[in-house]
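*Asks:* So the protein lines, in turn, are chains A and B.
Counting from 1, position 170 in the first sequence corresponds to residue 169 in numbering that gives the first Met the number 0; the numbering is continuous, with no gaps.
Counting from 1, position 35 in the second sequence corresponds to residue 34 in numbering that gives the first Met the number 0; the numbering is continuous, with no gaps.
Any given hint could turn out to be false.
[Said to hold, decoys possible] Computed cross-link-like contacts, DSBU-like style, restricted to lysine-lysine with a CA-CA straight-line distance of at most 35 Å:
(1) A:LYS152 - A:LYS308
(2) B:LYS196 - B:LYS79
(3) A:LYS284 - B:LYS79
(4) B:LYS252 - A:LYS152
(5) A:LYS308 - B:LYS252
(6) A:LYS194 - A:LYS308
(7) B:LYS252 - A:LYS194
(8) A:LYS284 - A:LYS152
(9) A:LYS254 - A:LYS194
(10) A:LYS254 - A:LYS308
(11) A:LYS254 - A:LYS284
(12) B:LYS194 - B:LYS79
(13) A:LYS152 - A:LYS194
(14) A:LYS254 - B:LYS252
(15) A:LYS308 - A:LYS284
Simulated from the structure, these hints should not be mistaken for laboratory data.
Given next are the chains, with one letter for each unit.
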Amino acid sequence: MAGIWVFIEGSQDGPSTIGLELLTKARGLGDDIAAVYLGSGEADAATILGDHGASRVFHMAPGEQLPAAGAAAGLADLIAAHDPAIVMFGMSYTDRDVAGRLSARLGRSLLSNAIDVSIDDDGVHVINEIFGGTTLVETVTATHPALVVFRPKSFTAEGGVGTTPSVETVALPDVGHAGAARVIERHEEAATGPKLEEAAVIVSGGRGMGNADNFALVEELAGLLGGAAGATRAIVDSGWVPYSLQVGQTGKTVKPDVYIACGISGAMQHLVGMKDSGTIIAINKDAEAPIFGVADLGVVGDVNQVMPKLIEALRARS
Amino acid sequence: MNIAVCVKQIPDPATPYQLDPETHWIVRPEDQVLDDTDRYGVEIALQLAADGDSTVTLISMSPAGNLQGIRQALAMGADKAVIVSDDALRGADALTTAHVLAAVARREGADLVVAGTESTDGYSGVVPQQVAELLGVPALTYARNVERSGDGLRIEQQTATGYDVVEAGLPALLTVTAGVVEPRYPTFKGIMAAKTKPIDQLTISDLGLDAAALERGQDIVEVRPAPERQAGEIVEDEGDAHLRIVAVLEQAKVI
Numbered sequence: 000m001a002g003i004w005v006f007i008e009g010s011q012d013g014p015s016t017i018g019l020e021l022l023t024k025a026r027g028l029g030d031d032i033a034a035v036y037l038g039s040g041e042a043d044a045a046t047i048l049g050d051h052g053a054s055r056v057f058h059m060a061p062g063e064q065l066p067a068a069g070a071a072a073g074l075a076d077l078i079a080a081h082d083p084a085i086v087m088f089g090m091s092y093t094d095r096d097v098a099g100r101l102s103a104r105l106g107r108s109l110l111s112n113a114i115d116v117s118i119d120d121d122g123v124h125v126i127n128e129i130f131g132g133t134t135l136v137e138t139v140t141a142t143h144p145a146l147v148v149f150r151p152k153s154f155t156a157e158g159g160v161g162t163t164p165s166v167e168t169v170a171l172p173d174v175g176h177a178g179a180a181r182v183i184e185r186h187e188e189a190a191t192g193p194k195l196e197e198a199a200v201i202v203s204g205g206r207g208m209g210n211a212d213n214f215a216l217v218e219e220l221a222g223l224l225g226g227a228a229g230a231t232r233a234i235v236d237s238g239w240v241p242y243s244l245q246v247g248q249t250g251k252t253v254k255p256d257v258y259i260a261c262g263i264s265g266a267m268q269h270l271v272g273m274k275d276s277g278t279i280i281a282i283n284k285d286a287e288a289p290i291f292g293v294a295d296l297g298v299v300g301d302v303n304q305v306m307p308k309l310i311e312a313l314r315a316r317s
Numbered sequence: 000m001n002i003a004v005c006v007k008q009i010p011d012p013a014t015p016y017q018l019d020p021e022t023h024w025i026v027r028p029e030d031q032v033l034d035d036t037d038r039y040g041v042e043i044a045l046q047l048a049a050d051g052d053s054t055v056t057l058i059s060m061s062p063a064g065n066l067q068g069i070r071q072a073l074a075m076g077a078d079k080a081v082i083v084s085d086d087a088l089r090g091a092d093a094l095t096t097a098h099v100l101a102a103v104a105r106r107e108g109a110d111l112v113v114a115g116t117e118s119t120d121g122y123s124g125v126v127p128q129q130v131a132e133l134l135g136v137p138a139l140t141y142a143r144n145v146e147r148s149g150d151g152l153r154i155e156q157q158t159a160t161g162y163d164v165v166e167a168g169l170p171a172l173l174t175v176t177a178g179v180v181e182p183r184y185p186t187f188k189g190i191m192a193a194k195t196k197p198i199d200q201l202t203i204s205d206l207g208l209d210a211a212a213l214e215r216g217q218d219i220v221e222v223r224p225a226p227e228r229q230a231g232e233i234v235e236d237e238g239d240a241h242l243r244i245v246a247v248l249e250q251a252k253v254i
């Protein structure tokens, strides 16, 4: 059985959440599971990766350069030496950069927006979402390695395996000009409250909020519920809020316990990022809005009437 | 500076998308529109080209149709367009698309290739990185701010927790997020000028590419609708709908 590999980016918080989700899934696909870890703190990371099922860790240390070009070249060398059946990536910033470059380097297709995978004698079967998640496409890749990029939250991360993996450090090859982009500064943006991708409650606003100032209602409600504020592409494009708040196809994929959509019509591009939420509550003036098609509770009304009353009622309880 | 901007004509996103049941290719009408996300790439290219000594060329791969989408981008102010339209490219995957765009960028002698982060219709989100690898250039991805820096570019790159400032010399590839700049609206003059701007239509043989070499090793075995979420309760707000919301929040145990 050929190896099941997961590319995992590290940060100061350790291995990425999506990396651990994919590693958990990898355990069901085979026995020889490797994490290709791009980041620092590899000793602590290896413990976490082993606990999620990695039997070996290939460690790549990023330098001053943007790492994708070097990481892709390093991965290509490792693949040539070990012939894994599949390399799994997350639909995140760095993962996409590395996966895209690796695909071009190897001359092999890359499947994006995958939500499930299995392996049998025919090869690697991948289920992808297209058209905003309304249609599923199953493909089979018969030759090694299948390169697959998964949507976040397709699987749930579970540790507790307790494997102690071997750790092999791999130097990033020099790729010349392609690898010459340099990181000059790093900025963490202070976020209040939980991260959008991890929040149990998300309150999102769309064009129906009326104007940028009214977005304060979204933030206030999110704060009262201990949640995070999100947004549609329409209001990000309009400059009301930063891109980092965007939920949807070109933004973040979220799966909170409760998602409250305020003044959001429910364009396909938005639905793909939130339709798997636990409970969906939608407030919108237009009774025909597609968001009501996925809402557990739909309130046909003006957000600027309903939200202040809701905020008041929640305040009165605390 | 020669700037090539990747743009795409797509079926109107307001209409439901369909796959041809036989070929599994997306059904593309004659009348396609410019992918809205491409306007950001065109705008940043026009701003970077404002030194007067630069050319902005739109590069695209899709059935040409009536070229309405390409003319929309030309109307913003791009100088010319090159579109690769070839029956052999129907149903092309991301890597095939990247090979074609990279070949056009080479043909145009592009110092900088600009793209959105992903298209609205296919949204594989990896074509720009593939193009960068094929061209052997650095990819400055997910830019939320872009400026010239010496002979190269300096960007603010969106990250999961904030942003990084990243610099690279040319040639390079740049992808921009929505909101990086405010795209201009075409003026009447721009729309009129777009009608006579050069649009080169190429086939893959014009680019020296071989269709057989672009074949990939994957088979689609099934296409099916995703399970639909059941719609729930709908209430009209008569001044007390917030109480119903509170009840649902209680039920979900988040308050």
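*Asks:* For every hint, state whether the structure bears it out.
*Replies:* Verification of the supplied hints:
1. A:LYS152 - A:LYS308: holds, 33 Å
2. B:LYS196 - B:LYS79: holds, 6 Å
3. A:LYS284 - B:LYS79: Given pair LYS284 of chain A, LYS79 of chain B is violated - Cα atoms ~43 Å apart, limit 35 Å.
4. B:LYS252 - A:LYS152: holds, 21 Å
5. A:LYS308 - B:LYS252: holds, 20 Å
6. A:LYS194 - A:LYS308: holds, 26 Å
7. B:LYS252 - A:LYS194: holds, 20 Å
8. A:LYS284 - A:LYS152: Roughly 31 Å separates the two Cα atoms, so the pair holds.
9. A:LYS254 - A:LYS194: Status holds; Cα separation ~12 Å.
10. A:LYS254 - A:LYS308: holds, 26 Å
11. A:LYS254 - A:LYS284: Holds, at about 25 Å.
12. B:LYS194 - B:LYS79: holds, 11 Å
13. A:LYS152 - A:LYS194: Holds, at roughly 14 Å.
14. A:LYS254 - B:LYS252: Holds - the C-alpha atoms of LYS252 of chain B and LYS254 of chain A are around 16 Å apart, at most 35 Å.
15. A:LYS308 - A:LYS284: holds, 16 Å
Hint compliance for this structure: hint 3 is the single one not met.
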